[in-house]
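Chemist: Go by the hints and put chain W with the ligands onto chain E.
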Amino acid sequence: MAVKRKIIKERVPTIERPPEERIHDFREVDLGYTFELAVKEAERCLQCPYDYAPCIKGCPVHINIPGFISKLVEYRDNPDKAVKEALNIIWACNSLPATTGRVCPQEDQCEMNCVMGKVGDKINIGKLERFVADYAREHGIDEELLFEIIPRIEKKGQRVAIIGAGPAGLTAAGELAKLGYDVTIYEALHAAGGVLMYGIPEFRLPKEIVEKEIEKLRKLGVRILTDHIVGKTITMEELLEEYDAVFIGSGAGTPRLVRAPGINLNGIYTANEFLTRVNLMKAYLFPEYDTPVKVGKKVIVIGAGNTGMDAARSARRFGAEVTIAYRRGPEDVSAREEEVHHAKEEGIKFEYFINPVEFIGDENGNVKAIKFEKMRALDERDSRGKRKIVGTGEYVTLEADTVIIAIGKHPNRLIINTPGLEVDRRGKVVVDENLMTSIPGVFAGGDAIRGEATVILAMGDGRRAAKSIHEYLTKKRAGQNA
Amino acid sequence: MGYRILDKKELAMNEVWYKIHAPHVAKKVQPGQFVIVRAFPNGERIPLTPVTWDREEGWITLVTFVRGKTTLRMANELKPGDELLNVAGPLGNPAPMKKFGKILAIGLITGMVEVFPIAKAWQEFGNDVTTLHVTPNPMVILKEDFEKAVSRHIVEGYDLQPGWGMQEIAQELVRRAVTKVRELLESEHWDLVFIVGPAGGQKAVFEVVREYGIPMEADLHPIMVDGTGMCGSCRVTVGGEVKFACIDGPGFNAYKVDWDELIHRVGFYTDLERKALEEYLKAIRGGGQ
Ligand SMILES: Cc1cc2nc3c(=O)[nH]c(=O)nc-3n(C[C@H](O)[C@H](O)[C@H](O)COP(=O)(O)OP(=O)(O)OC[C@H]3O[C@@H](n4cnc5c(N)ncnc54)[C@H](O)[C@@H]3O)c2cc1C
Ligand SMILES: Cc1cc2nc3c(=O)[nH]c(=O)nc-3n(C[C@H](O)[C@H](O)[C@H](O)COP(=O)(O)OP(=O)(O)OC[C@H]3O[C@@H](n4cnc5c(N)ncnc54)[C@H](O)[C@@H]3O)c2cc1C
Ligand code: SF4
Ligand code: SF4
Ligand code: FES
Numbered sequence: 002m003a004v005k006r007k008i009i010k011e012r013v014p015t016i017e018r019p020p021e022e023r024i025h026d027f028r029e030v031d032l033g034y035t036f037e038l039a040v041k042e043a044e045r046c047l048q049c050p051y052d053y054a055p056c057i058k059g060c061p062v063h064i065n066i067p068g069f070i071s072k073l074v075e076y077r078d079n080p081d082k083a084v085k086e087a088l089n090i091i092w093a094c095n096s097l098p099a100t101t102g103r104v105c106p107q108e109d110q111c112e113m114n115c116v117m118g119k120v121g122d123k124i125n126i127g128k129l130e131r132f133v134a135d136y137a138r139e140h141g142i143d144e145e146l147l148f149e150i151i152p153r154i155e156k157k158g159q160r161v162a163i164i165g166a167g168p169a170g171l172t173a174a175g176e177l178a179k180l181g182y183d184v185t186i187y188e189a190l191h192a193a194g195g196v197l198m199y200g201i202p203e204f205r206l207p208k209e210i211v212e213k214e215i216e217k218l219r220k221l222g223v224r225i226l227t228d229h230i231v232g233k234t235i236t237m238e239e240l241l242e243e244y245d246a247v248f249i250g251s252g253a254g255t256p257r258l259v260r261a262p263g264i265n266l267n268g269i270y271t272a273n274e275f276l277t278r279v280n281l282m283k284a285y286l287f288p289e290y291d292t293p294v295k296v297g298k299k300v301i302v303i304g305a306g307n308t309g310m311d312a313a314r315s316a317r318r319f320g321a322e323v324t325i326a327y328r329r330g331p332e333d334v335s336a337r338e339e340e341v342h343h344a345k346e347e348g349i350k351f352e353y354f355i356n357p358v359e360f361i362g363d364e365n366g367n368v369k370a371i372k373f374e375k376m377r378a379l380d381e382r383d384s385r386g387k388r389k390i391v392g393t394g395e396y397v398t399l400e401a402d403t404v405i406i407a408i409g410k411h412p413n414r415l416i417i418n419t420p421g422l423e424v425d426r427r428g429k430v431v432v433d434e435n436l437m438t439s440i441p442g443v444f445a446g447g448d449a450i451r452g453e454a455t456v457i458l459a460m461g462d463g464r465r466a467a468k469s470i471h472e473y474l475t476k477k478r479a480g481q482n483a
Numbered sequence: 007m008g009y010r011i012l013d014k015k016e017l018a019m020n021e022v023w024y025k026i027h028a029p030h031v032a033k034k035v036q037p038g039q040f041v042i043v044r045a046f047p048n049g050e051r052i053p054l055t056p057v058t059w060d061r062e063e064g065w066i067t068l069v070t071f072v073r074g075k076t077t078l079r080m081a082n083e084l085k086p087g088d089e090l091l092n093v094a095g096p097l098g099n100p101a102p103m104k105k106f107g108k109i110l111a112i113g114l115i116t117g118m119v120e121v122f123p124i125a126k127a128w129q130e131f132g133n134d135v136t137t138l139h140v141t142p143n144p145m146v147i148l149k150e151d152f153e154k155a156v157s158r159h160i161v162e163g164y165d166l167q168p169g170w171g172m173q174e175i176a177q178e179l180v181r182r183a184v185t186k187v188r189e190l191l192e193s194e195h196w197d198l199v200f201i202v203g204p205a206g207g208q209k210a211v212f213e214v215v216r217e218y219g220i221p222m223e224a225d226l227h228p229i230m231v232d233g234t235g236m237c238g239s240c241r242v243t244v245g246g247e248v249k250f251a252c253i254d255g256p257g258f259n260a261y262k263v264d265w266d267e268l269i270h271r272v273g274f275y276t277d278l279e280r281k282a283l284e285e286y287l288k289a290i291r292g293g294g295q
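If you read the protein sequences in the order shown, they are chains E and W. If you use my numbering, the first sequence corresponds to residues 2 to 483, in order. If you use my numbering, the second sequence corresponds to residues 7 to 295, in order.
Since the hints were made in silico from the structure, they are not lab data. Incorrect hints may appear among the rest.
Selected chain E positions facing chain W (Cβ under 8 Å, derived; list incomplete) [claimed, not checked]:
no.	residue
1	Ser71
2	Gly263
3	Asn267
4	Asp291
5	Arg414
The list that follows gives simulated cross-link-like pairs (lysine-lysine, BS3-like), each with its CA atoms no further than 27 Å apart [said to hold, decoys possible]:
no.	chain 1	residue 1	chain 2	residue 2
6	E	Lys298	E	Lys283
7	W	Lys33	W	Lys15
8	E	Lys369	E	Lys283
9	W	Lys281	E	Lys369
10	W	Lys281	E	Lys295
11	E	Lys283	W	Lys288
12	W	Lys249	E	Lys295
13	E	Lys375	E	Lys299
14	W	Lys249	E	Lys372
15	E	Lys283	W	Lys85
16	E	Lys298	W	Lys281
17	E	Lys283	W	Lys209
Don't be surprised by glycine CBs; every beta carbon is placed ideally from N, CA and C.
Pulled out of the complex, with its shape left as it was, chain E reads as follows (with noise of 0.2 Å):
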């Protein structure tokens, strides 16, 4: 019954924040859609069928995207039903949808092949998603759905432990808990979240959105231990005679230094360092927050992915002059396409082609400019299809009194010393086609298996280990009753 539809060729806007009010505080860029808008936005969706949609077939979980798209239409007149039916059908496949609307890298999933991008715009699906997640949220729909869900639920009686409450952690530990285990979640930190928490800025993911979903979490009876670090406080061994199986969604905590002289001078910060100061304890609110952190006049950034992105713009905001440095060209950033652009439109310098090889410092330890090669790319192309570069052996220096370093990060230090844990050379946790590792009841997912990745492929192994873990414990049931 195809419904014949009016090409509209060009997308609804979102609501933005102009630059230069914008780069003043921390508060959200991207306004979102309101009801009426997103209506609007919903009704160009061409509503391809289930089997063929691209854009089902780009999202890495899967969301039925027409499905959710078309509740907003078909129910336009009562808002809270439209929000409801829509939520439903989102929360199928993915539980964070106020996140993953925000922080996808939609160009290159769910909006990648979008069929309306042949003729027009591609669907705003992710600010779609958003939409429906914010509205739900903000008129307690979402609290709604769930108290409908948690009277259904059958308790097994097994335990499951969670070391980290990243994204991979906290998708692991709802859908378990859903199932009817009694989860509880180990946090090294004093936040639930992972990067949600203390990488993503405020500006770009507001940390009382990822309060809520916690808060949801705990509803559904997970335990939340903050301040135990698995590995110290308690042991993989230990967890293992406490609970019946175990996930680790530790993440890839250890940032990458620069192999370069003059790495420790003052001023010289890991773009984690930084953004834990910034967004977890609150340094742009020094001293009103007691944790300080120091903005120069000058602030370079060395890398161009969303880790480098979010610092640069977190920089600007101080009032900094912010250039991003990338050893690469342009068209080899791999951050989301939206941040890069809000970053150029709100001053942020691109200078490319470029390598740190020198720190170098004042007489106090202070860093004061970088000594950088300039590089060339050459046509082959490297296993992840970037463009291989070398050294040109020419040199050029630029001063900088703030320095933050986001080249990339390995898998947490403190997880991947666990004894009898099979980890490859890049120190990522090894698991078989069910995220199980090298230890039986151990499953594991996120970027501890992947190296540093998206909230969405996080999520994903944690609904997916969540399955294996149900399993696995439904035989282990099955055998203690035999």
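Modeler: Chain W with the ligands only, in chain E's frame:
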């Protein structure tokens, strides 16, 4: 969650003792390890050292030297019955438990509290431990505890002079420490020297010990944020390599430490720390307290 303050008292001038209900730490902590404490919703995360603990009863004790906003605010605002928001740990590696022989374990000012669990364990392990506390006299702490725990406890105290600021106190500290350590190294044989205290003092003592070629370990105190190896704030250069003191340390071979770098790094926020303290003092005074 919250970690209840079971008891609190001022041990000596600016030295405050807390007994904290923190069973997860009490159960696991080893000498040489530390915790990260967050006391206020808008507060910092600061590393502190469990001095004593009871695994069964689930408490640890901490001693803070009131020196900046957080330690002052803790001293000023927290009462028995209140809760610390967070006590994360235990963190860092335990001190090596070996038969070294004759050990000189030095604590400069509040560094002494960190020496306590380690010196006691070394003594119990069969070493002959002498502890040396160099500090202004009004800040002498744990004297009886040390006298009970180790072979010999020496207090090298000095009186504060009117008009002295932090700098004069620190200069005198270094002068006393260096003189006393030289005297001890000159007159007796030692197998290991261990030190905890401000980096400048550690370096000065190290330079004396190096002349005698005695093995030396130091617990380092770079500025920490998470304490779990995630941020790199605590990085130090040891043996030419970048190490994270929170997960690779805090104990390191003193001969390999880049002391000047450490001294620069711990001083990075001095101006902001002073600002935070001044504003806090203004606020509490203005508030009529
Ligand atoms: C600044 C920044 C910006 C990013 N932007 C985006 C983006 O826009 N879009 C996107 O899709 N992805 C982005 N990413 C990547 C994304 O955040 C990660 O891929 C994702 O968070 C991984 O989730 P995780 O659950 O595996 O681990 P994490 O989020 O890293 O969480 C791991 C948790 O485990 C805890 N932990 C670690 N070790 C232990 C231990 N021993 N005991 C107890 N707890 C432990 C940690 O404290 C942490 O809370 C960004 C990353 C960063 C750093
Ligand atoms: C492993 C370790 C164990 C420690 N154990 C103890 C202890 O048992 N008792 C005790 O009194 N002190 C201890 N310290 C030092 C303690 O962390 C600082 O006294 C405290 O952070 C000072 O906070 P403040 O706000 O009162 O002072 P501030 O005014 O903020 O700082 C005063 C000085 O303290 C140091 N400092 C500040 N912030 C930090 C931080 N986040 N991490 C480390 N050092 C910092 C700096 O050198 C600074 O110049 C320890 C430090 C480390 C690294
Ligand atoms: S989860 Fe991410 S990829 Fe999937 S539909 Fe939502 S925004 Fe797109
Ligand atoms: S591909 Fe585009 S147009 Fe087709 S269903 Fe998905 S979002 Fe709608
Ligand atoms: S304190 Fe953050 S890595 Fe050591």
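Chemist: Against this structure, judge whether each hint is valid.
Modeler: Now for the hints, and whether the structure bears them out:
1. Ser71: violated, 43 Å
2. Gly263: violated, 10 Å
3. Asn267: holds, 4 Å
4. Asp291: holds, 4 Å
5. Arg414: holds, 5 Å
6. E:Lys298 - E:Lys283: Distance of about 20 Å is within 27 Å: holds.
7. W:Lys33 - W:Lys15: Answer holds: Lys33 of chain W to Lys15 of chain W is near 24 Å, not above 27 Å.
8. E:Lys369 - E:Lys283: The given pair, whose Cα atoms are some 26 Å apart, holds under the 27 Å limit.
9. W:Lys281 - E:Lys369: The given pair, whose Cα atoms are some 24 Å apart, holds under the 27 Å limit.
10. W:Lys281 - E:Lys295: holds, 13 Å
11. E:Lys283 - W:Lys288: Between Lys283 of chain E and Lys288 of chain W the Cα gap is close to 22 Å, so the pair holds against 27 Å.
12. W:Lys249 - E:Lys295: holds, 22 Å
13. E:Lys375 - E:Lys299: holds, 20 Å
14. W:Lys249 - E:Lys372: holds, 23 Å
15. E:Lys283 - W:Lys85: holds, 26 Å
16. E:Lys298 - W:Lys281: holds, 20 Å
17. E:Lys283 - W:Lys209: It is violated: about 34 Å lies between the C-alpha atoms, which goes past 27 Å.
When held up to the earlier numbered hints, the structure conflicts with 1, 2, 17 and fits the remainder.
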